[in-house]
Amino acid sequence: MAAQTLILPGDGTDFAHWRSVARWLWSQQVPPEQVVWHTEDGQREAPDLFAPPPGPSALAAPASSPERPLTVPRAWLEQAEHCLLHCDPDRFALLYRLLWRMQHEPALRHDLLDADHVQMQHWIKAVRREVHKTHAFVRFRPVALADDPVDGAGPLHVAWFEPVHHIVHAAAPFFVKRFANMRWAILTPRVSLRWWPDAPDVAALAAQGVEPDFALKPFKARPGVLSWGPGASAEDAPALDAGEGLWLTYYAHIFNPARLKVAAMCKEMPRKYWHNLPETQLISPMIQAAQARSAAMLANAPTTPQRKLPQRELPRKPAVKD
Amino acid sequence: MELQTKLAVLADAAKYDASCSSSGSAKRNAVGGGIGSTEGSGICHSYTPDGRCISLLKILLTNFCIYDCKYCINRVSSNIPRARFSVAEVVDLTLDFYRRNCIEGLFLSSGIIRSSNYTMEQLVGVARTLRLTHGFKGYIHLKTIPDADPELLAEAGLYADRLSINIELPTVQGLAQLAPEKSSATIHQAMGQLHDHIATSKAERKEASKTSVVSMPRSCRTRPTAPKAFAPGGQSTQMIVGADGADDGDIIVTSSRLYTGYRLRRVYYSAFSPIPDATAELPLIAPPLVREHRLYQADWLMRFYGFEAHEIVPAGAQGKRMLSLEHDPKLAWALAHRERFPVDLNTAPREMLLRVPGLGVGSVDKLLAVRRFRQLRSADIERLRVPMSKVLPFVECLGWSPGRRLDDPLLAAKLVQPMAPPVQASLF
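In order, the protein sequence lines correspond to chains U and H.
Here the first sequence is numbered in my numbering, starting from 26 and rising by one per residue.
Here the second sequence is numbered in my numbering, starting from 802 and rising by one per residue.
Result set (DSSO-like, lysine-lysine): computed pairs, CA atoms no more than 30 Å apart in a straight line: (1) H:K1003 <-> U:K202; (2) H:K1029 <-> U:K245; (3) H:K1003 <-> H:K828; (4) H:K828 <-> U:K292.
Derived by calculation from the structure, the hints in this document are not laboratory data.
Just so we're clear, the structure is a prediction, and the values are computed from it rather than from any experiment.
Sequences are here, hints too, so could you generate the full structure?
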């Protein structure tokens, strides 16, 4: 069978689509080494001259019935869905290769230390970690709008964030649940999210320009719609405000200069996130001053109290025996 | 005083508290109203150059204090600037930082003003306002005043996710010497009260979830309403390391007692840190950060690896029981018990795999899962992504045997991490 070149729609993270493609490839018994995977987005940035034009792919051809049905543990499917959110262009090939191998090597599904499995787990871990870091490092700034409601929902809170992987949708439920009554938006280069806490349903947002296909009512019993749209740029987000000034004050003062551990900080707060975190501009001066500050603490002679201390009856203590 | 200045003073005063955890509480969210959520595990929203995370807004309500604990920057005899927040200011700050997604909640502590009860009332007031007035669902950790009225302690537990009482020093003598107004007995008594409250509340909730109620026809209530959880995140404590003469053995044994006696979730170790305006009674030293780190590792071994306190710190020179500064406690234990190694990855029981230096709980679970289906080979150790130099001398599997490495008298020296030589500061 000739090599297959496939172009997945958008960024390729549509799991249902990838799954149908994989099924089709299996039905045609196309071995993994003969498949070349592309995404529409990837083609736009760095086109492969030999790739077919995007559009209805060879999938349209009627699938012949597979030699054997494709079977895979349910848990693996969930993991594969997560893995697809990684930005590595080789992820499609790896997943199909694992799928293929699992059909031929039944013991493979239990082998957590197989090289392909280890790679897959490594990518899933990176995705989970970034979802977690998104929960941590998305920072909202309030924007007063002319139409701010007086119902307590308050101003619109807007955040600008630049994830490496395709995790925006995976990170969204956290914010929906945590800030269910707050109006907020998360802008990223590839996609923007907006939460409408009072919208009764998706249809109610048509007048606001929200397309029904790009909106979701996540809860049964309460209002609120999550909508998503095209990417944005950093300029679309509000600038630092006075409230964030308080945050910077807190950051500078909760730091103990006598305990410098810069490597530990960088491990947990990778530099790629720094330019969107306002407090990181304080790091360099804080480190520079730390040595002098703790040296000064050590050098200064202990002081005697300036205030007149209250004379208090100390509780009587029994003699301490060793 | 301006809010910004107060925040600076009262964050400065709180930075010696080691606890930052916001995990382990009941799951909640704002879907039904209010604001905020707690997930199973906490989120660190930022990190400072001291390597510690910012998860909670950690502040003191006030740094005025009538006590004179020698190690504490807020003691009555220190000349630092003082400030005091109002209850409303703390509530507003917490909510504003929370809406910006800078924090998971609040860790509120305070100097003792007027009396223990008065101070505790103020702390509880902040938590009550956050929970009842604003429907705040985020994490609240309250530092409890040990000799406050038990009723206040009980109310605190209804609003807080976690309560803590600092044990401060590992020995009664240390406390008597450095914290003259604090009493070991009172601290233990308060910890006991909290433990009882937490255990009772847990048992009641478990009971309520089991029993069904006889309900009216068409009523959808089939279970009684569960009683309110009391401090679902449990209680924790902090011990200052290196301010008195206690050795690591004292510290580990004390911790072990607290874990078993009061079911504490965490014991935090805080290397005594030079503070501005220190008292003449404490010599100023660079903080023994490595020692603190080793204590955390030892603590971990007790909680997750099945080690007993006495195994981790054997008696050393001059009767001092100190953890090795060059080697982590598990590696130190393995080097001292080479006769128990090498461990065969294909046949050893879980307990023994957990004693292999460099193998964590996750790696051990993976090995156990895989070896049910096939033999483990040397390539598998690499794929675990564990520190090879530490693991290899202590294990064997298909295609790998450490040979005579274990007998090498230089093995211990070879396994010292290349880093700035740790220095154990001597205080007395």
